[in-house]
Amino acid sequence: MSAPVTDADVEEFRAEVRAWLAENVPAEPLPPWTERAGFDLHRAWEGRLFDGGYAAVDWPTEYGGRDAGLRRSMAFAEEYYRAGAPERINMGGLYLLGPVLMQYGTPEQCARWIPDLLACRTIWCQGFSEPGSGSDLASLRTRAERDGDHYVVNGQKIWTSMGGFADWIFALVRTDPEAGRKRKHDGITFLCIDLRSPGVEVRPLAMVDGTRGFAEVFFTDVRVPVENVVGEVDRGWAVAMSTLGFERGAVFGDHAKFSNDVADLAALVDARDLDEDTHALDELGRVLVQTEVYRANVYRLAARAEAGGELDSTASINKVFWTQMQHDIFDTGIRLLAEDGAVVGDPGSLPDADPATLRAWSQWHHRYWYARAAMIFGGTNEIQRNIISERVLGLPMEPRR
Amino acid sequence: MTPHDTLDQDRRELVELTDDLLGRHCDLDFLRARIDDGTAHTPGLWGRLAETGLVSALVAEEHGGAGLTPAHLSGVLHSLGRHAVPEPYLETAVLAATVLDALPGPVADTWLPRIAAGDAVVVVRLGELTPLLPYAADADLLLDVADDGAVRAFAADELEVTPVPALDPLRPLGRVVLTGAGTEVGDDGAVVARTRTLALSGAACLLAGASQRLLDLTVEYVAVREQFGRPVGSFQAVKHKAADLAVMVDMATAAALSAFDAADEPDGPRRAAAAKAYAGEAAARANVDALQLHGGIGFTWEYHLHIWLKRVMGLAASYGTTTALRRDLARELVARVGQERRG
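So the sequence lines, in the order shown, correspond to chains A and B.
For the first sequence, the numbering used here assigns the number 1 to the initial residue and increments by one for each residue that follows.
For the second sequence, the numbering used here assigns the number 1 to the initial residue and increments by one for each residue that follows.
Treat the hints with caution; some may be incorrect.
Stated by the list, open to error - Under 8 Å between C-beta atoms, here's a sample of chain A residues computed to sit facing chain B:
id, residue
1, 148
2, 152
3, 154
4, 266
5, 279
6, 282
7, 289
8, 292
9, 296
10, 300
11, 357
12, 358
13, 388
14, 392
15, 397
16, 398
Treat the hints as calculated values from the structure; they're not laboratory data.
Note that beta-carbon positions come from the ideal geometry of N, C-alpha and C, so glycine has one too.
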């Protein structure tokens with residue numbers, strides 16, 4: 001461990017980050033990443049962030065991070081959102097695969113995949129869900145049979161976020177169906193697959209808002225080198241659970257994003273002369289309180305992590321809270337937009353709107369639908385409630401197979 | 001060891017000390033006896049709290065206290081909430097000690113040692129925040145903190161206290177009319193802000209603790225109560241209610257403890273208001289779900305759930321309601337953002 005990080009260290013770093021962001025953040029918001037042109041611009045931004053050394057400041061320097069520790073990392077995130085910098089696009093790589101590789105990957109795998117992932121030279125997506133395996137993830141059937149130095153993969157993944165834009169997928173595949181018949185969590189392997197391999201077909205799926213943010217992925221006799229297995233063969237469930245832990249747990253610093261969103265909500269209330277409307281104030285106050293509470297929680301978890309404490313038991317509680325809070329923010333926002341909330345399209349659709357309304361309106365529908373998705377992905381909130389009641393509260397298991 | 005490590009350890013020890021003391025001297029039989037007697041505060045329990053040093057924690061060493069900071073006491077307040085302690089700890093040991101410590105003079109010199117020794121109940125009136133004063137009828141002294149920072153002290157014979165029949169019999173309330181002239185204690189605007197912040201965040205800690213107890217009682221009950229041949233706590237409808245409550249109670253605890261610890265930070269007042277608002281929201285959920293999941297037994301006088309149902313209702317109504325605090329916070333943010341928009 002390095003020397004303890006002092007408040008002064010954090011503030012010095014914060015000032016440096018703020019200066020860099022002021023010079024580098026695009027003046028105009030980038031177009032949405034769900035269209036190719038917008039995606040390429042987001043990817044270029046990620047490259048700039050990487051070159052500046054800010055792609056993941058808490059990661060080891062050997063991979064392009066800065067070993068900055070949790071507190072500086074949170075300061076970075078706070079500044080990032082304050083500056084209105086673009087949405088991060090390589091979430092599967094950045095928040096899920098990267099941490100998983102650092103925990104389970106071999107040094108060769110880390111060296112091979114992490115720097116490219118961090119620079120956004122490769123975009124990663126997660127291949128867990130299948131048409132017949134959603135909440136009951138361990139029932140998955142995508143098959144990987146060993147053939148010499150390769151696995152031959154056949155099957156299908158679905159609801160794959162960013163699938164249409166990704167270069168690689170980290171997938172759960174069944175390598176030992178026999179073991180799986182006794183206990184379905186056994187015989188599963190965590191396998192990284194190049195989506196440009198022969199036999200892979202990615203079919204983008206249009207989402208509820210019409211964008212092509214996710215996809216289904218088909219594998220037909222796809223040959224994958226055995227060295228692409230992360231963790232132990234047939235023991236991929238543990239790796240998957242670790243991934244889901246990262247997906248559910250706190251993204252340290254993202255409280256700043258939600259505080260910004262609530263400030264946009266307040267700007268809307270102000271611009272639309274709702275500042276004496278007790279209903280609007282009640283609604284704004286409710287989500288404002290939630291974001292303050294969430295910030296306290298993020299700092300609590302960070303302190304626990306810094307002290308070497310475990311966060312596994314907190315991940316499900318965290319997920320239920322932040323996904324509901326996120327939903328409440330944008331649900332409130334769209335309702336406060338009243339008739340304007342029922343209009344979509346480019347700003348020309350709202351020719352008479354004030355700037356605060358336009359700013360909020362142009363983002364909120366996308367954010368709203370993402371919030372709805374977040375209550376489903378990473379294990380539905382109903383699954384989280386099962387986990388909380390059984391593993392945190394110790395209530396008896398529901399009879400299940 | 002950095003000072004922070006010591007703080008964490010001190011906190012843990014204080015919570016253990018409090019839990020141990022209350023487990024022995026503030027159990028269900030004791031609370032029952034208080035309800036039957038119609039007396040909440042007793043010199044006995046208050047004396048024990050004082051003997052352990054909990055009452056004098058914030059009092060400076062020169063006045064016989066331990067000279068600790070509020071950051072030491074958030075967990076203690078949470079524990080007091082879990083045990084439904086019928087004593088004016090927040091009012092006397094936190095708020096009164098804070099006011100007097102900030103305003104040195106003859107009043108502080110007389111009363112701080114008495115507070116530290118457990119010989120006095122001192123309550124603090126905070127303008128519109130306290131239309132009803134907890135433990136007013138037990139008070140030996142009242143500190144009236146005006147909004148402009150002027151603080152005056154009123155002895156018991158300078159007060160006319162009308163007890164109000166309180167929903168929570170273990171947390172008595174009174175209406176107070178000042179009949180005497182009182183004594184000037186001092187004048188300091190910063191004291192008002194700090195005392196209000198500690199009142200709100202302290203009440204949030206008590207409330208989070210009491211809500212935690214409602215959750216604990218409920219989880220214990222549904223794990224053993226059987227229907228249809230299995231514990232009701234194995235049914236998803238029950239488990240999901242308990243899980244949602246656990247999320248809210250855990251988050252309320254995080255916000256309350258950190259707000260109390262951060263009372264002296266620049267954003268302390270905002271954090272305290274948010275913590276109290278959310279603690280009230282979580283407590284309302286705890287109140288509804290705990291009784292619902294207990295069913296008939298929870299509705300009886302004989303079973304003890306009602307002690308905490310009433311405790312959370314009383315505390316949620318005290319030191320700022322969720323609705324009022326949300327509106328205040330929203331107004332403040334709209335004003336700030338509006339100012340920024342207009343440059």
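Outcome of the hint check:
Restraint check, residue 148 (chain A) versus chain B: the minimum CB separation of about 47 Å is more than 8 Å; hint violated. Violation of the interface hint for residue 152 (chain A) is found here, the shortest Cβ-Cβ separation to chain B being roughly 40 Å, above the 8 Å cut-off. Here the hint on residue 154 (chain A) is broken, as its CB sits about 35 Å from the closest CB of chain B, past 8 Å. For the restraint placing residue 266 (chain A) at the interface with chain B, the shortest Cβ-Cβ distance is roughly 4 Å, inside the 8 Å limit, so the hint holds.
Against a cut-off of 8 Å between C-beta atoms, the interface hint on residue 279 (chain A) is violated, since the closest Cβ of chain B lies about 10 Å away. Of the supplied interface hints, the one on residue 282 (chain A) holds, with its beta-carbon coming within about 6 Å of a beta-carbon of chain B, less than 8 Å. Here the hint on residue 289 (chain A) is kept, as its CB sits about 5 Å from the closest CB of chain B, short of 8 Å. Interface hint status for residue 292 (chain A): upheld, as the beta-carbon distance to the closest one in chain B is roughly 4 Å, under 8 Å.
Hint status for residue 296 (chain A): holds, given a least beta-carbon distance of 4 Å to chain B, under 8 Å. Here the hint on residue 300 (chain A) is kept, as its CB sits about 5 Å from the closest CB of chain B, short of 8 Å. Nearest Cβ of chain B to the Cβ of residue 357 (chain A): about 12 Å, over the 8 Å cut. The hint is violated. At about 13 Å, the closest approach between the beta carbon of residue 358 (chain A) and any beta carbon in chain B exceeds 8 Å, and the interface hint on this residue is violated.
Using the Cβ-Cβ criterion of 8 Å, the hint placing residue 388 (chain A) at the interface with chain B is satisfied: the shortest such distance is roughly 4 Å. With its C-beta approaching chain B no nearer than about 6 Å, residue 392 (chain A) sits inside the 8 Å limit, and its interface hint holds. The closest approach between the C-beta of residue 397 (chain A) and any C-beta of chain B is roughly 7 Å, which is under the 8 Å cut-off, so the hint is satisfied. Checking residue 398 (chain A) against chain B: minimum C-beta separation of about 6 Å stays under 8 Å; hint holds.
Checked against the numbered hints listed earlier, the structure breaks hints 1, 2, 3, 5, 11, 12; every other hint is satisfied.
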